[in-house]
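Participant: The chain contents come next:
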Amino acid sequence: MDNKNASSTAGKIIRCRAAISRIPGKPLVMEEIEVDPPKAGEVRIKILCTSLCHSDVTFWRSTQPPMAVFPRILGHEAVGVVESVGGGVEEVREGDLVLPVFQGDCGECRDCKSPKSNICSKFVNKDNQSMPRDGTNRFRDLKGEVIHNVLNVSSFTQYTVVDVTHVVKITPDIPLDIACLLSCGVSTGLGAAWKVAEVEEGSTVAIFGLGAVGLSVAEGARIRGATRIIGVDLNPEKFETGKKFGITDFINPATCGDKTVSQVIKEMTDGGADYCFECIGLASVMNDAFNSSREGWGKTVILGVEMHGSPISLNSIEILKGRSVCGTFFGGLKPKSDIATLAQKYLDKELNLDEFITHEVSFHDINKAFDLLLEGKSLRCVIWIDKQN
Amino acid sequence: MDIEKPSNKTAGKPIQCRAAIATAPGEPLVIDEVIVDPPNSHEVRVRIICTSLCHSDVTFWKMKDFPAVFPRILGHEAIGVVESVGENVDGVVEGDVVIPHFLADCTECVGCRSKKGNLCSAFPFKISPWMPRDQTSRFKDLRGETIHHFVSVSSFSEYTVLDIAHVVKVDPTVPPNRACLLSCGVSTGVGAAWRTANVEVGSTVVIFGLGSIGLAVAEGARLCGATRIIGVDVISEKFEIGKRFGVTEFVNSKNCGDKSVSQIIIDMTDGGADYCFECVGLASLVQEAYACCRKGWGKTIVLGVDQPGSQLSLSSFEVLHSGKILMGSLFGGLKAKSDIPILLKRYMDKELELDKFVTHEMKFEEINSAFDLLIKGKCLRCVIWMGE
Numbered sequence: 001m002d003n004k005n006a007s008s009t010a011g012k013i014i015r016c017r018a019a020i021s022r023i024p025g026k027p028l029v030m031e032e033i034e035v036d037p038p039k040a041g042e043v044r045i046k047i048l049c050t051s052l053c054h055s056d057v058t059f060w061r062s063t064q065p066p067m068a069v070f071p072r073i074l075g076h077e078a079v080g081v082v083e084s085v086g087g088g089v090e091e092v093r094e095g096d097l098v099l100p101v102f103q104g105d106c107g108e109c110r111d112c113k114s115p116k117s118n119i120c121s122k123f124v125n126k127d128n129q130s131m132p133r134d135g136t137n138r139f140r141d142l143k144g145e146v147i148h149n150v151l152n153v154s155s156f157t158q159y160t161v162v163d164v165t166h167v168v169k170i171t172p173d174i175p176l177d178i179a180c181l182l183s184c185g186v187s188t189g190l191g192a193a194w195k196v197a198e199v200e201e202g203s204t205v206a207i208f209g210l211g212a213v214g215l216s217v218a219e220g221a222r223i224r225g226a227t228r229i230i231g232v233d234l235n236p237e238k239f240e241t242g243k244k245f246g247i248t249d250f251i252n253p254a255t256c257g258d259k260t261v262s263q264v265i266k267e268m269t270d271g272g273a274d275y276c277f278e279c280i281g282l283a284s285v286m287n288d289a290f291n292s293s294r295e296g297w298g299k300t301v302i303l304g305v306e307m308h309g310s311p312i313s314l315n316s317i318e319i320l321k322g323r324s325v326c327g328t329f330f331g332g333l334k335p336k337s338d339i340a341t342l343a344q345k346y347l348d349k350e351l352n353l354d355e356f357i358t359h360e361v362s363f364h365d366i367n368k369a370f371d372l373l374l375e376g377k378s379l380r381c382v383i384w385i386d387k388q389n
Numbered sequence: 001m002d003i004e005k006p007s008n009k010t011a012g013k014p015i016q017c018r019a020a021i022a023t024a025p026g027e028p029l030v031i032d033e034v035i036v037d038p039p040n041s042h043e044v045r046v047r048i049i050c051t052s053l054c055h056s057d058v059t060f061w062k063m064k065d066f067p068a069v070f071p072r073i074l075g076h077e078a079i080g081v082v083e084s085v086g087e088n089v090d091g092v093v094e095g096d097v098v099i100p101h102f103l104a105d106c107t108e109c110v111g112c113r114s115k116k117g118n119l120c121s122a123f124p125f126k127i128s129p130w131m132p133r134d135q136t137s138r139f140k141d142l143r144g145e146t147i148h149h150f151v152s153v154s155s156f157s158e159y160t161v162l163d164i165a166h167v168v169k170v171d172p173t174v175p176p177n178r179a180c181l182l183s184c185g186v187s188t189g190v191g192a193a194w195r196t197a198n199v200e201v202g203s204t205v206v207i208f209g210l211g212s213i214g215l216a217v218a219e220g221a222r223l224c225g226a227t228r229i230i231g232v233d234v235i236s237e238k239f240e241i242g243k244r245f246g247v248t249e250f251v252n253s254k255n256c257g258d259k260s261v262s263q264i265i266i267d268m269t270d271g272g273a274d275y276c277f278e279c280v281g282l283a284s285l286v287q288e289a290y291a292c293c294r295k296g297w298g299k300t301i302v303l304g305v306d307q308p309g310s311q312l313s314l315s316s317f318e319v320l321h322s323g324k325i326l327m328g329s330l331f332g333g334l335k336a337k338s339d340i341p342i343l344l345k346r347y348m349d350k351e352l353e354l355d356k357f358v359t360h361e362m363k364f365e366e367i368n369s370a371f372d373l374l375i376k377g378k379c380l381r382c383v384i385w386m387g388e
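Chains A and B supply the protein sequences, listed in that same order. With full-length UniProt numbering applied, the first sequence corresponds to residues 1 to 389, in that order. With full-length UniProt numbering applied, the second sequence corresponds to residues 1 to 388, in that order.
The following block holds chain B by itself, in its conformation from the complex:
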């Protein structure tokens, strides 16, 4: 893999380059020239090598109301090379290969220092249109109009600017078209099984929704030694796909007849599963997942994002009597700066499998086909190569 030598000529100056801009809800992205400002204090400017499409990009692309904003540069799963750094940046220099992460890890605040969680209190997670530290944008179109950021990453651009709290330096020899997956989706799923749920050897796991996140949970559960990984989805083809990720049994929730999905799972598992993961983003499915995790110690883990303001309703009697635990996490409970390198190493050591997540690879110009494929359910991860 060729890493282009960084050009000293661009440091400190705006860069004109191409970006895929979301201009209106649901409209194809427009590839156009943009101006990318140099990095401010605590920021780095990065040339993106590869980026991949995640369902959360699609969600905020289709959305009409805030927190969706337009025009915006979407994309948050990527890998790149540092072109230049701003002041007060330690640990990362020009030429370093880095992975951006939407969930901040400043490493210093109470949240980052705690072993119990992964939410940075200095830069709390929100769907912001700006750079996190000063609420301004580094992107402009050629008319000088502001273009908005997306979750502090904005990787559908040849160059982007990232806050140091959202960047981790990684081994430069990693294949970029695999490593970029660890920037969001695969890490979220694997982390959920490993860190959030702490799946142990011999467990029975149920996964609702076999998209990339659900399959990444399966991969994580497999690595943790789960013996039964039951996948639940409405498309039967997902079972064949799922088997490659460790799914051992499949329930098609449309073919349950009179019984509820949870009843079928309770029957299959003689009382319920040890861990149930909701990877779709529907409050009703969370309830189904809760119903089929085992009393006494069953854990239901929520990963899917439902509409803002949606509520989960649980029977108080059931909560009290069952001893079940309901929990949720962002980014699989992982601390990006320490855990992304760990997962990358496990990939390089051939324990964690990433290749099977990449179903399509394409050039930057073809980015809108990635959206079509994902919306039609015809891909897992489409990796988009930015390079010339």
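Bound-form chain A, shown alone:
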């Protein structure tokens, strides 16, 4: 039911298929939906491929607000082609290859203008379920019921509408499945090592959670010249996988015996790691990461979205001893400038990203992507919505 001639749909409602999450934790349902045309400042995108990120899973199985919102179109890692643009949009046009990105970049607000921040403050009332500019929705099911957005993207659909501050042009030289990785997980990890931590040559790094985000931190630390990259994960198979991304040492918390993970890391590193990254989303692991950092200068970076809303608890004296803690969204990257840099590093063969894609499925089989991730069998499963090439 593809609309082959994009310009004939401009300004009109498009009917297409989407995978809708209606009940927490239950398989997505493929349905026909209506997608409104883009309003001023918005862009309607035909999604080519998308991938599943664990944050989607967190939203999918939440039963409590604010994370639980249903019915919803999940998905926020994707690549697509611009079908039409709303009023005032000049930076992209019909036919452009673009990444929708959950992190905004308006280029005008105080944060976007500062090199120190990537937290765009143009739209202060983003509620993670509707359009940022006016709080309304562009999706409806055939009964006319509103279907909510996720993270300003919603990519598990043939067409989506995204605010232009969340749209990044990308070079068509890059393979589509690699491009889609750069719109969230992999960029987040690379950015965390590069921009947030600023890992330097010779550093020792500890990464808690070896999913796609953790492994992209490893890849980022590797190209920055870290000499030891310690991976911590409960799944022993992750070590073999991890070696491909630069992991040099592996710790399985289940096999540490009487010792805590942080004790083991402190012993291995003669005092603690220079940089610790939490890439899971559990407060207890965030504490472990902090306790594994070296006194004097140890930096802990939190990337995981805490699954249960639990607080992080840090020992005051350990903070006084020269440690720091910060969190990061999208690895501190400014989407509109930094994604292109990463794409170029991939094309120049400095960054290894191919190994992140472990599975591919068609749109029809999207629920398999969830199974694979939950079973710990995949890093990134690419879901082809429209295989153009």
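One or more hints might be untrue.
With a Cα cut of at most 30 Å, we get these calculated DSBU-like pairs of lysine-lysine [stated by the list, open to error]:
hint, chain 1, residue 1, chain 2, residue 2
1, A, 39, A, 113
2, A, 195, B, 295
3, B, 116, A, 113
4, A, 266, B, 126
5, A, 368, A, 26
6, A, 113, B, 295
7, B, 62, B, 378
8, A, 113, A, 169
9, B, 116, A, 345
10, B, 243, B, 259
11, A, 195, A, 126
12, B, 116, A, 259
13, B, 350, B, 363
14, A, 266, B, 337
15, B, 115, A, 195
16, B, 363, A, 169
17, B, 295, A, 336
18, B, 259, A, 126
19, A, 116, B, 116
20, B, 259, A, 266
21, B, 115, A, 116
22, A, 126, B, 295
23, A, 116, B, 295
24, A, 122, B, 295
25, A, 266, B, 116
Note that these hints are calculated values from the structure, not bench results.
For this one, chain A is given, so just place chain B on it according to the hints.
Facilitator: Okay, now just chain B, sitting in the frame of chain A:
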């Protein structure tokens, strides 16, 4: 300032002199005669010229349980003259004017050689009752009972023994009743703004707690070119005092009405401050400071020492979404042997102001009044002159 010529007659021998001894938690110090052993290898014996009272002395004076111990010679902010040196001491000789520093700087270990931090790994910081290298004491009372050290300094004594890792030689022409402040409190505050936070020109800074440390942060922020320095305290008089240290605006946290302090600061600063310093030592205040530093790049710096074992609790959502940084430091992130001389020079060049920190000067015999004044919040720094 008279520097007494060191007496060759005492080198290598125990010295009998006066010290102010803490004998029981919270009890006035007792000035009594003590015996101070000669310095061992890597140690120097120093005649104290001036010392000043810091709140950390009070904390461990009042405390009943370990790491508080009694009897003990407290005091860790001071300046003195080297009376004699032990073996293997380079760079410091009899007659040198030196400042002791509680945070070790051996200059050789991984921690000291790193540019990123100031924690010595050879002599890690702890509230030890002993000399750092061999865990023994150089002090005895006249009955031969051991008297304990305090953070490797113990300056409430006419003579003390210091490990070479805890001593820095300084310009002998500096006024001792000002230079002694750089041995702890003022350096900690100024360093926190300068080194730990790296406050830049035009910044907005908030300081929770306007005691000597908080005011030293203000002084440091002023020197770094901060344009707004907002002081937060529960005593309104602190604003007038604070103005002399660069504080530009004041919030009395008891007069906030329905709003939280952090909300008031967020409103005043249109989104939050660039740097927030906690200079009191309360986990709840650290949370308040974190709440009012600006998202995107705001830094919250913890300087105050809370109870051992206390935890800071932060919302994971907030940590992830805000991009704010939480950090802490000891001794303002400074490396004592290189940075104390730098700060001293800035004082001598009339950039860094130290005079305004000294609100009282007194003789050694009056030391207990310094404790009273500090506990009642009626002083900043009391400088105690040891000399005859």
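Participant: State for each hint whether it applies.
Facilitator: Here's how the hints hold up against the structure:
no. : hint               : in the structure
1   : 39(A) with 113(A)  : 26 Å, holds
2   : 195(A) with 295(B) : 16 Å, holds
3   : 116(B) with 113(A) : 28 Å, holds
4   : 266(A) with 126(B) : 19 Å, holds
5   : 368(A) with 26(A)  : 12 Å, holds
6   : 113(A) with 295(B) : 14 Å, holds
7   : 62(B) with 378(B)  : 18 Å, holds
8   : 113(A) with 169(A) : 19 Å, holds
9   : 116(B) with 345(A) : 29 Å, holds
10  : 243(B) with 259(B) : 25 Å, holds
11  : 195(A) with 126(A) : 25 Å, holds
12  : 116(B) with 259(A) : 29 Å, holds
13  : 350(B) with 363(B) : 27 Å, holds
14  : 266(A) with 337(B) : 28 Å, holds
15  : 115(B) with 195(A) : 19 Å, holds
16  : 363(B) with 169(A) : 73 Å, violated
17  : 295(B) with 336(A) : 20 Å, holds
18  : 259(B) with 126(A) : 24 Å, holds
19  : 116(A) with 116(B) : 20 Å, holds
20  : 259(B) with 266(A) : 43 Å, violated
21  : 115(B) with 116(A) : 22 Å, holds
22  : 126(A) with 295(B) : 15 Å, holds
23  : 116(A) with 295(B) : 10 Å, holds
24  : 122(A) with 295(B) : 13 Å, holds
25  : 266(A) with 116(B) : 18 Å, holds
Consistency note: the structure conflicts with the earlier hints numbered 16, 20.
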